[in-house]
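Q: Given these sequences and hints, build the entire structure.
Sequences listed follow chains A and B, in order. Residue numbers for the first sequence follow our numbering, beginning at 34 and rising by one. Residue numbers for the second sequence follow our numbering, beginning at 510 and rising by one.
Just so you know, the hints here were simulated from the structure itself, not pulled from any lab data. Among the clues, some could well be false.
[To be verified] Some chain B residues judged to face chain A by a derived CB distance under 8 angstroms, without partners named: (1) Arg519; (2) Ala542; (3) Met543; (4) His544; (5) Ile545; (6) Glu561; (7) Lys565; (8) Leu566; (9) Gly567; (10) Arg579; (11) Phe1212; (12) Ala1214.
Built from N, CA and C at the ideal position, the CB exists for glycine as well.
Letter by letter, the chains look like this.
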Amino acid sequence: MNEKPDVWQGTLALMVLKTLETLGPLHGYGIARRIEQTSGNLLSLNYGTLYPALLKLEQEGAIASEWGVSENNRKAKFYSLTRAGKKQLAKETQNWEQTTAILARFLSPKGDLA
Amino acid sequence: MRTARAWLIRLSGLFRKQTLERELAREMESHLAMHIEDNLRAGMTQEQARREALLKLGGVVAGKEAWRDRSTIPLVEHLFQDTRFSLRQLRRNPGFTVTAVLMLALGMCASVAIFAFVDAAVFKPLPYANPQQLLGVYEKVAVCPLCNLSYPDYLDWKKLNKTLSSLDVYQRNSFLLSTASGTEPARGARVSDGFFRTLGVRPVLGRDFQSGEDLPGAPRTVLLSNAAWRNRYGANPDVLGKTVTLDGEPNVIIGVLPPDFNFAPTEPAEFWTTLHASGGCDLRRSCHSLFGVARLKDGVSLSAALSDLTQIARQLETQYPDSNRGQSAAVLPLSEVIVGNVRPLLMVLLGGAVLLLLIACVNITSLVLVRAESRRREIAVRNALGASSARLAGQFITEGLLLTAAGTALGLASAWWAMRLLTKLIPEMMFARMPYLHGLGLNGRVQLFAAAIALIAALLFAFTPALHLSFSKMRVGLSEGARGSAGNTWRRLGSKLVVLELAIAVVLLVGAGLLGKSLYRLLQVDLGFEPDRLTTLQVASPKAVYTNEKQKIALGRQIVASLSSLPGVKSAAIASLTPVSGNGNTDWIRFVGRPYNGEHNEVNERDVSAGYFTTIGTKLLRGRYFRDDEDISKQRVVVINRALAKQYFPNEDPIGKRIGDTQLTPQSLKEIIGVVDDIREGQLDAPVWPAVYYPFNQSPDNFFAVLICSSQSGAPLITTIEGALRNLNAGLVMRDGMTMTKLIRDSPAAYARRSSAWLVGAFAIAAFLLSVAGLYGVIAYSVSQRTREIGVRMALGAQRSTVYRLILKDAGRLAVLGIVCGFACSIAASRAIRGLLFGTAVWDASTLAAVALVLGAAALAASFIPARRAASVNPVEALRAE
Chain A
34 MNEKPDVWQG TLALMVLKTL ETLGPLHGYG IARRIEQTSG NLLSLNYGTL YPALLKLEQE
94 GAIASEWGVS ENNRKAKFYS LTRAGKKQLA KETQNWEQTT AILARFLSPK GDLA
Chain B
510 MRTARAWLIR LSGLFRKQTL ERELAREMES HLAMHIEDNL RAGMTQEQAR REALLKLGGV
570 VAGKEAWRDR STIPLVEHLF QDTRFSLRQL RRNPGFTVTA VLMLALGMCA SVAIFAFVDA
630 AVFKPLPYAN PQQLLGVYEK VAVCPLCNLS YPDYLDWKKL NKTLSSLDVY QRNSFLLSTA
690 SGTEPARGAR VSDGFFRTLG VRPVLGRDFQ SGEDLPGAPR TVLLSNAAWR NRYGANPDVL
750 GKTVTLDGEP NVIIGVLPPD FNFAPTEPAE FWTTLHASGG CDLRRSCHSL FGVARLKDGV
810 SLSAALSDLT QIARQLETQY PDSNRGQSAA VLPLSEVIVG NVRPLLMVLL GGAVLLLLIA
870 CVNITSLVLV RAESRRREIA VRNALGASSA RLAGQFITEG LLLTAAGTAL GLASAWWAMR
930 LLTKLIPEMM FARMPYLHGL GLNGRVQLFA AAIALIAALL FAFTPALHLS FSKMRVGLSE
990 GARGSAGNTW RRLGSKLVVL ELAIAVVLLV GAGLLGKSLY RLLQVDLGFE PDRLTTLQVA
1050 SPKAVYTNEK QKIALGRQIV ASLSSLPGVK SAAIASLTPV SGNGNTDWIR FVGRPYNGEH
1110 NEVNERDVSA GYFTTIGTKL LRGRYFRDDE DISKQRVVVI NRALAKQYFP NEDPIGKRIG
1170 DTQLTPQSLK EIIGVVDDIR EGQLDAPVWP AVYYPFNQSP DNFFAVLICS SQSGAPLITT
1230 IEGALRNLNA GLVMRDGMTM TKLIRDSPAA YARRSSAWLV GAFAIAAFLL SVAGLYGVIA
1290 YSVSQRTREI GVRMALGAQR STVYRLILKD AGRLAVLGIV CGFACSIAAS RAIRGLLFGT
1350 AVWDASTLAA VALVLGAAAL AASFIPARRA ASVNPVEALR AE
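A: Put into structure tokens, the structure is as follows:
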């Protein structure tokens, strides 16, 4: 049952965490819209897939949820970053940057690999 | 850490599923509402906005499914679902559920309970250090293969052997214990000083006997059993150094034995004293009173020890021909000494219980198969609707496990209860001598045994239907249910199972029949006396008060006179031992006027009062009975039994002939004055030995049995007798008051047959009912499946009698096959119980015939019901049905 963190799941989680760090507490719909906008609409997100990811993050303690009222006076579940989530975000951001840097060096035409 | 937290939350999700579901629905709803609002604001129509939002959200159901999988643990959830569904299914079909659970519980109860006994008696090691090195050591003579040692022989064996690291002796003993309120009997043993060291047992308090402490000159010391220490001294550690008076002699308490110590041959022993060899018996080489226990030297085999001791015995034979002629040696593993007598009985019972378990399992299998058959259609439908085979198999497995769990729980509970009941049914004195049965319970080995049975049951319950259904194609299932052709697979397999069941039932019934007949024969054995109105009691008179023969004779006369005058008492008598107490306590006789070459003519010796034979109702064949005035002042006389007369006086009249001891010393010479019928002195199944009866008044003792012939018997009479004796002398100690009938019923030979006959009988009845029910099940199922076929037959003109014949022929074939197979097996199985049979052959024709008749009749009756149903089928309805 131990699932491998596939890239998409992993990156989606990172995006969620980053979104919450930037915008503060936000509901699922808002998170989905924000991710889509930030990606410059390059990423087409099936909104339904977001909720299992949110549930997983919440179960792991990275985010917390609370029912609140949206800007349009609508009841919605708001997700916010927890302290553990902040730590996780910092760590995963660093990991991600390192990974992309390494990959970039691999993929750059004048790779200076000895 | 994070994953662990997530798993915990998912686990808790199992229990708040509905809350979670509702929350998700609300969240989705608000999500959609917000999205639609945004879309409207972007200028879409209501319908467009909604459509776009739904599309964007993706498959709501798939999303929810993914979310659900994440919110709980799917595997566990399936298990929950299966369990709930199974429970519902089982509740809906209570007949099946209850039958299956009860059947398993029955098989489990019988086999686990009996196994617990077998475990305690056979598998549990003896509570001594390295018990496999311990031996029982005996002298061997022609009439007595495992006989006691004499003290001088023991000393020689101990000194001369080269194969034993130690040899010690013990003797069960009954002490007269002086207490503040008078004298009471107390059981114990006399042992040589190294007895406990040989066993490897150390006192928990105080010290063991020291070397030399068993010699006549040593101060008298005593070890207490742990029970005696607790019951008599309140577990007070200050008992050490205190004095206890046994048989009038003060003994210093030097130690307390461990709580788990027991020694079956002397149990229930409270006081352990050392030998202090003295007096007549101990110092005579011809007087055998001690049993040996020895420890082998490392690496020495049993047979090496036996040849060593046999060698020594041969040497003693030449050295002391008068006393040791014909005496050899015998050794047995100590475990054999202790449990050798119950092992065959327990093995027979275990065999019976396992057969019952087998039959229960077969019945369970067929039940489960029938059920699987009848659910074939349901399964096919569920499969067609998309349930995976794994999920369907899981369903059966869950159901099987539930049934097994219920059956096992019930079985174990009833096994525990049955163990209690069975130990209560063992006569008290016999139980006291089986200390290994005392801690009986569901210990590790028993639990393992139960777990193995549960595993087999689980496999049967769970995998039989799963396998069965996976073999047959699901599509066939759909169509077969619709058209109702008989479940052929089941009919074939079911018939085989029924034949197996019937065969097992035959084996158990034959076994029970043979054991029952043996018990009957045993109790019908010619006793040579009338037990019906007899009551017996053991009496010990204090040696300090009744010292010389005159006093002992006077006491005997007083007792007989006072008991005879009690209301309702016809007559009373005294004997050194009661009948049926066991062959032994023998004398060596020699005939005056016949050549003698030193052979040992070993005969039972009993010392009885003048009225003994008339009191117990033994027939006089020749001559006369004793007279009461024939005491030490008169000519010594003897009455012999028929066996002695037949063996030693085949063609002459024994009356007037004289016998004596091996030396024919003048004071030992006795004149034969009468011949009586053979009284069964030994066990009911033991042969009658030649016996001599001496007048009690010519060889009185402090220990004897009292026998009373009275119009009524029972507990009040025993109390009256005890009161009358206490009136004569308050120092008299009485024990084991019981009716002769009870004494015979509880005697080991009768008990072994009775318990085995009852238990195997109970197993057989259960097996009989189960197998007949199994036969009924198969026939009834086959009839229900063939309703249409029968309808067609009848429509085409078959008579009702033809239908009867059709069904009964099927059943009859199975019954005959089962009975014949059963006979073949039972002839083989009966060989295993041959040791318990008495006066009954293994192939006893009347038992076999009775079993065949009973089982055949029951099988006929069981199949008659479905046959009747078949014959009363209305062809029109049958054809229209389904």
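Q: Take the hints in turn and mark each one as holding or not.
A: Status of each hint after checking the structure:
1. Arg519: holds (7 angstroms)
2. Ala542: Status holds, d = 6 angstroms.
3. Met543: holds (5 angstroms)
4. His544: At 6 angstroms from the nearest chain A Cβ, His544 of chain B passes the 8 angstroms test, so the hint holds.
5. Ile545: violated (10 angstroms)
6. Glu561: violated (11 angstroms)
7. Lys565: Given a least distance of 5 angstroms, the restraint on Lys565 of chain B holds.
8. Leu566: holds (5 angstroms)
9. Gly567: Hint on Gly567 of chain B: holds, closest Cβ of chain A at ~4 angstroms, below 8 angstroms.
10. Arg579: holds (5 angstroms)
11. Phe1212: Violated - the Cβ of Phe1212 of chain B stays beyond 8 angstroms from chain A, reaching only about 78 angstroms at its closest.
12. Ala1214: violated (77 angstroms)
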